[in-house]
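Novice: What follows is the residue order along each chain.
Number of protein chains: 2
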Amino acid sequence: MTHHSGDVLDPRAFRRALGNFATGVTVVTACADDGSRVGVTANSFNSVSLDPPLVLWSIDKRSGSYSVFEQATHFAVNILAADQIVLSNRFARPGEDKFAGLDYDAGAGGAPLLHDCSARFQCEKYQQTDGGDHWILIGRVVAFDDFGRAPLVYHQGAYSMVLPYPRAQEGSVPPGEASCRQKRLEDNVYYLLTQALRSYQSSYQPKQLSSGLRTSEARMLMVLSSDEHMSQNALLCEVAMPAREIEEAEEILCRKGLVTNTDAGYRLTPAGEEQAAVLREIAVKQQEQVLASFSAEDVAVLKKLLRGIRDNA
Amino acid sequence: MTHHSGDVLDPRAFRRALGNFATGVTVVTACADDGSRVGVTANSFNSVSLDPPLVLWSIDKRSGSYSVFEQATHFAVNILAADQIVLSNRFARPGEDKFAGLDYDAGAGGAPLLHDCSARFQCEKYQQTDGGDHWILIGRVVAFDDFGRAPLVYHQGAYSMVLPYPRAQEGSVPPGEASCRQKRLEDNVYYLLTQALRSYQSSYQPKQLSSGLRTSEARMLMVLSSDEHMSQNALLCEVAMPAREIEEAEEILCRKGLVTNTDAGYRLTPAGEEQAAVLREIAVKQQEQVLASFSAEDVAVLKKLLRGIRDNA
Chain A
1 MTHHSGDVLD PRAFRRALGN FATGVTVVTA CADDGSRVGV TANSFNSVSL
51 DPPLVLWSID KRSGSYSVFE QATHFAVNIL AADQIVLSNR FARPGEDKFA
101 GLDYDAGAGG APLLHDCSAR FQCEKYQQTD GGDHWILIGR VVAFDDFGRA
151 PLVYHQGAYS MVLPYPRAQE GSVPPGEASC RQKRLEDNVY YLLTQALRSY
201 QSSYQPKQLS SGLRTSEARM LMVLSSDEHM SQNALLCEVA MPAREIEEAE
251 EILCRKGLVT NTDAGYRLTP AGEEQAAVLR EIAVKQQEQV LASFSAEDVA
301 VLKKLLRGIR DNA
Chain B
1 MTHHSGDVLD PRAFRRALGN FATGVTVVTA CADDGSRVGV TANSFNSVSL
51 DPPLVLWSID KRSGSYSVFE QATHFAVNIL AADQIVLSNR FARPGEDKFA
101 GLDYDAGAGG APLLHDCSAR FQCEKYQQTD GGDHWILIGR VVAFDDFGRA
151 PLVYHQGAYS MVLPYPRAQE GSVPPGEASC RQKRLEDNVY YLLTQALRSY
201 QSSYQPKQLS SGLRTSEARM LMVLSSDEHM SQNALLCEVA MPAREIEEAE
251 EILCRKGLVT NTDAGYRLTP AGEEQAAVLR EIAVKQQEQV LASFSAEDVA
301 VLKKLLRGIR DNA
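Quick note, the sequences are listed as chains A and B, same order. 1 is the number of the first residue of the first sequence in the UniProt record's numbering; add one for each residue after it. 1 is the number of the first residue of the second sequence in the UniProt record's numbering; add one for each residue after it.
Hints are supplied without guarantee of correctness; some may be wrong.
[To be verified] One side only, chain B facing chain A, incomplete, derived with CB under 10 Å:
id	residue
1	Pro11
2	Ser58
3	Cys117
4	Ala119
5	Ala143
6	Leu152
7	Ala158
8	Val162
9	Gln201
10	Gly257
11	Val278
12	Gln286
13	Val299
14	Val301
Calculated from the structure, these hints are not laboratory results. Positions of the beta carbon are idealized from the N, C-alpha and C atoms, including for glycine.
Same shape as in the complex, but just chain A (with noise of 0.2 Å):
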């Protein structure tokens, strides 16, 4: 189970048990002395010091875009907000001119601020490391904005979202000195959804993991089973995942002999279609078991209920 470096580490696997960590994502950005402006996305951002204000991502050193972050006196760090996976993707992919057609402001130094991002931190250069096949940039952050809006994450190469504990651990408040607020939230329906979507979710995902196959490659594999073909593009919008986390599922899939690329777009083959009747099955079988108590009625209604609240909150 364990993966020695004594074994060559692989790359691959290390990359996706890199990606349990879950993580924002950023746009950092930056303008040249000849007004050349560059913006990638990074998920490699960290909080370094409160005194002096620092703050470090890192930049792979192959990227087309260091140059201008070679030369450049500032950058600045757009933490993107939940609805911005678009802008994740534009700035994600290598690209003449990212900018073209985004509205944004010139930071310290010229650096291009994104608006409707979650925070914006604007940094003087203030150091550089060596990372090995990446630059570690330390900036000295010079001003910024708190707009507090509900972030986008990345989390084992597809896009989530942040859910709020609705509350610690299960039985672990003193018996009776939460008995009154309990009943109050037992009443609540945005509780009540956070609750039976979070014990849902923790007895759903390990099925789905026993598969061997991880979230994003289970999530490929369902969406392509329900279409004859699909260009990246489709599947970009509709499976929630980076170009290259796409990549990499394609890559695994095919090898795997699930997948195939042709001209056409993505296709399933006959294995393919058969994996994804056994995670549809497994999805099915959990529906069943969750709701094997409930008459057909109520659960009729319960999904009436769902799509109401979907559409109208």
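Please build the complex by placing chain B on the supplied structure of chain A, with the hints as guidance.
Specialist: This is chain B only, laid out in the frame that chain A set:
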């Protein structure tokens, strides 16, 4: 709105702005030559390089555990799973023997490896960089485990979970292309739960934030409003926030005159009760609005089934 260092960067506002970047939670451990073991909760972990395989994290220069990290040849990064809040809290506070009664294995260099994590990385110390009031520790990964468990997430001072995106953008899939899958999904309770909660959350959270309180402060007020007095321990259990965040939220709420901390525990002031009532009002109004178009009978069925799913899934 924008904070500038010209006006002297407010460290509290800066730290709160940094809290918009969601992260996983790790416990980093090490063992000195004399066998003394340390472990600290850190969310400053990140990947740096695939070749060589490097990761980094940073530790407060004033940390009592630092001397062991300084002496040790290795450290281990344990990425916590969603149900390990108790471990996160245990290693976040200073303590005599944080490992007492805990199951763990000895990894490279004797660094403790915790059980039931999402992933673990055993690292040889590679480089240490000055990062203001922290040391940045870079490690070369010599072995790792990938358990793939759902992760514990930290955002805006509170623990959270990851909620997978059911799909990328509403309406962004070419019409017709996903209609078959769509029909199947419309019948899947897990999918509908995710969608309903996401929609509820995105219309509710801005209203809650409009009170001027952060998620962590609002959570603390709501919990306190239902109880006469509450010990810090009980509060820790109930609001799912680390002790440091509770102290900070308490400080802010005390400064605003909403909470007092007496020998008997935390307590809301009359102004605090009023503010909590406003938050409850927001929650109730939101629920009324979301459920407005449904009959009382249907809503009763919804609540019953959500409770049932929570208890049986």
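Novice: Of the numbered hints stated previously, which ones are contradicted by the structure, given in increasing order?
Specialist: Structure breaks hints 10, 11.
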